[in-house]
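Visitor: So the chains spell out like this:
There are 2 protein chains.
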Amino acid sequence: MTEKGEKTRGKILEESARVFVSKGFWATSISDILKASGVTKGNLYFHFSGKEELAMAVLAKEREDFMAFLDQALSSGTPGEALNNFFEQAYAKHQKTNFIGGCIFGNTALEASETSPLFAGLVTDVFSDWTAKIEGKIAQAQHHQEIRSDLSSAELATMIVATLEGGIMQTRLLKSEAPLRVCLQTLRTLLDMNLTPKKELN
Amino acid sequence: MTEKGEKTRGKILEESARVFVSKGFWATSISDILKASGVTKGNLYFHFSGKEELAMAVLAKEREDFMAFLDQALSSGTPGEALNNFFEQAYAKHQKTNFIGGCIFGNTALEASETSPLFAGLVTDVFSDWTAKIEGKIAQAQHHQEIRSDLSSAELATMIVATLEGGIMQTRLLKSEAPLRVCLQTLRTLLDMNLTPKKELN
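Line by line, the protein sequences are chains A and B.
Numbering of the first sequence is given in my numbering, commencing with residue 135 and proceeding in unit increments.
Numbering of the second sequence is given in my numbering, commencing with residue 135 and proceeding in unit increments.
Okay, chain A solo, but in the shape it has when bound (with noise of 0.2 angstroms):
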């Protein structure tokens, strides 16, 4: 592919990404994406055989950029600090965005669970991959004493992603950051992660 249309590909992908996310897959007409990325029906059509590939290919960059993301955050200091500093980072990258638009992957597991085995089968993996990382830095942390071990660290895993993924659904909907900062400094308090200075999330 020309570097041009590289860029027209990259254009599409991200535009697209915020129109899903905010107006849902079913929701989403072609048109809508053509206004959003202002690229011409053909241009679409050249990249993208129709708006399921285009959503495929959508999650495939998301959920590339969000692995990276978790082993960015989750690379810094103790294993306790790395936990928290995700926290954080999880904060912030809604915040960024205004808390418009939720999670990607949760909003599509809400809308593709019983409708589109493609579409779940990637954010099932999702899933399993961020839930794997926490679960890993939890043992370690667990390990080094820097939280509490009275829970294996696949049940707290697990329910730190569910917690998260409830707080942005509720943060999404009220238009406020409140329910994700309270889940994060509720996680933390019972979680035990006393060793890192309690930082207020802002």
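Hint data in this document are derived by calculation from the structure and do not stem from the laboratory.
Just so it is clear, CB atoms sit at the ideal spot from N, CA and C, and this is done for glycine as well.
Watch out, some of these pointers could steer you wrong.
[Stated by the list, open to error] Simulated DEER-style distance windows between Cβ atoms:
(1) A:K141 - B:E222: 52 to 60 angstroms
(2) A:D259 - B:A266: 31 to 39 angstroms
(3) B:G255 - A:G172: 28 to 36 angstroms
(4) A:K175 - B:S163: 21 to 29 angstroms
[Claimed, not checked] Partner residues are not named here, just some residues of chain A that face chain B (Cβ under 10 angstroms, in silico):
(5) W160
(6) S183
(7) G240
(8) A266
(9) K309
(10) A312
(11) P313
[Unchecked claim] 30 angstroms max Cα-Cα, derived DSBU-like pairs, lysine-lysine:
(12) B:K185 - A:K157
(13) B:K195 - A:K195
(14) B:K169 - B:K195
On the provided structure of chain A, position chain B as indicated by the hints.
Guide: Showing chain B alone in chain A's frame:
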């Protein structure tokens, strides 16, 4: 309305709820609803002006049922036992549907947050009432020293509702009861709900 008319209206609401919850509002067509409920198009339009009015009636009915469910689940025994009972009954409620469809309010939140102020308003009220009921019971349980009290009842209630919604999302996506079960059991441990016997959820 005649008794027969009431019965038809009730049947449309019940079957529509099932379709909306599994396909989502936008992906559901009037034909889907006619097929599921077995009523004629004329009959449907006698009761509802269209999909939006029908969906609002479904949400209003589900809200009424859910509030009655909450009041009943939270009414037994000491405050700590009532919370425990709510956890068990919430799990049983989703187990009964084989974890298909998830939570109609969570689904609607994700579909409607940015696109339908009418739906979003109703769902906001549901989450607000739900959180307030849990918060009241937590405050009582803290007062009775049945759960930990180093976190405010408001914070814990927000987090519990978020964790349940996230757990239901995961359980629906993975078609496995594990995530919701793990979330509920982990919450019980984190809250120090130790005064009531810890029955395993199954």
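Visitor: Each of the hints needs a verdict: does it hold here or not?
Guide: Now for the hints, and whether the structure bears them out:
1. A:K141 - B:E222: 52 to 60 angstroms: 55 angstroms, holds
2. A:D259 - B:A266: 31 to 39 angstroms: Since the Cβ atoms of D259 of chain A and A266 of chain B sit about 37 angstroms apart, the hinted range of 31 to 39 angstroms holds.
3. B:G255 - A:G172: 28 to 36 angstroms: Hint holds: Cβ distance 33 angstroms, inside 28 to 36 angstroms.
4. A:K175 - B:S163: 21 to 29 angstroms: Since K175 of chain A and S163 of chain B have Cβ atoms about 25 angstroms apart, the given range 21 to 29 angstroms holds.
5. W160: 4 angstroms, holds
6. S183: 20 angstroms, violated
7. G240: At 6 angstroms from the nearest chain B Cβ, G240 of chain A passes the 10 angstroms test, so the hint holds.
8. A266: 14 angstroms, violated
9. K309: Holds. Min distance 8 angstroms.
10. A312: At 8 angstroms from the nearest chain B Cβ, A312 of chain A passes the 10 angstroms test, so the hint holds.
11. P313: At 6 angstroms from the nearest chain B Cβ, P313 of chain A passes the 10 angstroms test, so the hint holds.
12. B:K185 - A:K157: Since the Cα atoms of K185 of chain B and K157 of chain A sit roughly 18 angstroms apart, the hinted pair holds (cutoff 30 angstroms).
13. B:K195 - A:K195: At roughly 40 angstroms apart (the allowed maximum being 30 angstroms), K195 of chain A and K195 of chain B break the hint.
14. B:K169 - B:K195: 21 angstroms, holds
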